[in-house]
Amino acid sequence: MLSGDFLYSRSFQMMVAAGNLRVLQILADATNVIAEGEVLQLLNMHDAEIDVDRYMQVIHYKTAALFEAAARIGAVLAGCAAPVEEAAATYGRALGMAFQLVDDALDYRGNAAEMGKNVGDDLREGKPTLPLIVAMQRAAPADRALIEDAVRSGSVEQLPRIVQIVRDCDALSAVDDAAQRQLDVARSALAALAQSAARTALDQLCTYSLQRRS
Numbered sequence: 331m332l333s334g335d336f337l338y339s340r341s342f343q344m345m346v347a348a349g350n351l352r353v354l355q356i357l358a359d360a361t362n363v364i365a366e367g368e369v370l371q372l373l374n375m376h377d378a379e380i381d382v383d384r385y386m387q388v389i390h391y392k393t394a395a396l397f398e399a400a401a402r403i404g405a406v407l408a409g410c411a412a413p414v415e416e417a418a419a420t421y422g423r424a425l426g427m428a429f430q431l432v433d434d435a436l437d438y439r440g441n442a443a444e445m446g447k448n449v450g451d452d453l454r455e456g457k458p459t460l461p462l463i464v465a466m467q468r469a470a471p472a473d474r475a476l477i478e479d480a481v482r483s484g485s486v487e488q489l490p491r492i493v494q495i496v497r498d499c500d501a502l503s504a505v506d507d508a509a510q511r512q513l514d515v516a517r518s519a520l521a522a523l524a525q526s527a528a529r530t531a532l533d534q535l536c537t538y539s540l541q542r543r544s
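Each position in the sequence shown, counted from 1, maps to that position plus 330 in the numbering used here.
FYI, nobody ran anything at the bench for these hints, they're computed from the structure.
Quantities reported herein were computed from a predicted structural model and do not represent experimental measurements.
Where hints are given, some of them may not hold.
[Unchecked claim] So the derived label-pair ranges between C-beta atoms look like this: (1) P490 <-> L407: 21 to 29 Å; (2) L354 <-> G334: 39 to 47 Å; (3) D500 <-> R340: 21 to 29 Å; (4) T530 <-> D479: 45 to 53 Å; (5) E487 <-> N441: 17 to 25 Å; (6) V346 <-> R511: 36 to 44 Å; (7) N362 <-> P471: 39 to 47 Å; (8) Q467 <-> A365: 23 to 31 Å; (9) Q467 <-> L372: 21 to 29 Å; (10) G409 <-> E366: 41 to 49 Å.
For each residue, glycine too, the CB sits at the ideal point set by N, CA and C.
With the hints as extra help, turn the sequences into a complete structure.
So this is what it looks like as structure tokens:
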């Protein structure tokens with residue numbers, strides 16, 4: 331947490347040094363949206379009634395907004411035309427959405443050794459992420475009730491069973507599909523950028539974000 335705060339404050343220092351007020355405005359606006367996202371996430375904690383739209387709004391605000399700002403700032407500092415700047419922002423936003431979707435799936439797909447965190451941390455914190463939302467939509471009534479109780483209580487006592495339910499109803503595949511749709515948007519946005527090593531690297535980031543396991 332402290333390292334993240336340090337890097338974020340350092341980014342403000344760098345923007346001040348760049349002397350570009352527009353860049354500062356973009357970063358300040360993103361900071362405000364991220365804070366709203368964190369508040370929305372807190373409001374959704376332990377809420378088993380959350381729907382996909384509310385979940386998507388949270389990850390847009392708390393994660394994708396930062397990716398979007400970073401991509402837009404790069405275009406601004408490079409002096410790109412407005413259409414290219416908007417394309418860069420679209421790329422960043424979609425990549426950020428995909429990144430968070432994959433991250434939430436890892437909580438039910440990965441293992442602690444690979445991820446560097448415990449499996450089931452989101453459930454333990456009462457976060458109803460997309461794998462659980464999809465599972466609650468698709469599971470049999472008894473299994474759905476089990477997940478709802480766990481979300482409300484933050485208990486991981488039934489975690490192995492819940493992980494199995496998530497996998498059995500193909501919730502993780504649904505999350506992967508949602509992430510892929512976002513990456514399709516991101517890659518389409520890259521068409522506005524001139525072909526270069528940098529554009530290739532941005533495309534490779536899309537591949538990595540879907541395949542990562544930590």
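Going down the list of hints, with the structure as the test:
For P490 and L407, the Cβ-Cβ distance of about 48 Å falls outside the hinted range of 21 to 29 Å, so the restraint is violated. Look at L354 against G334: about 20 Å separates their beta carbons, and that is not inside 39 to 47 Å. Distance hint for D500 and R340: a CB-CB separation of about 42 Å, inconsistent with the stated range 21 to 29 Å. Distance hint check: the CB atoms of T530 and D479 are about 48 Å apart, consistent with the given range 45 to 53 Å.
As the Cβ distance of E487 to N441 is approximately 19 Å, the hint placing it in 17 to 25 Å holds. In this structure the hint that V346 and R511 lie 36 to 44 Å apart at CB holds, the actual value being about 37 Å. Hint check: N362 to P471, Cβ distance near 41 Å, so the stated range 39 to 47 Å holds. Q467 and A365 have their C-beta atoms about 30 Å apart, which keeps the hinted 23 to 31 Å range intact.
Take Q467 and L372: their Cβ atoms lie about 23 Å apart, and the range 21 to 29 Å holds. Between G409 and E366 the beta carbon distance is about 30 Å. The supplied range of 41 to 49 Å is therefore violated.
The structure fails hints 1, 2, 3 and 10 (numbered hints given earlier, in ascending order).
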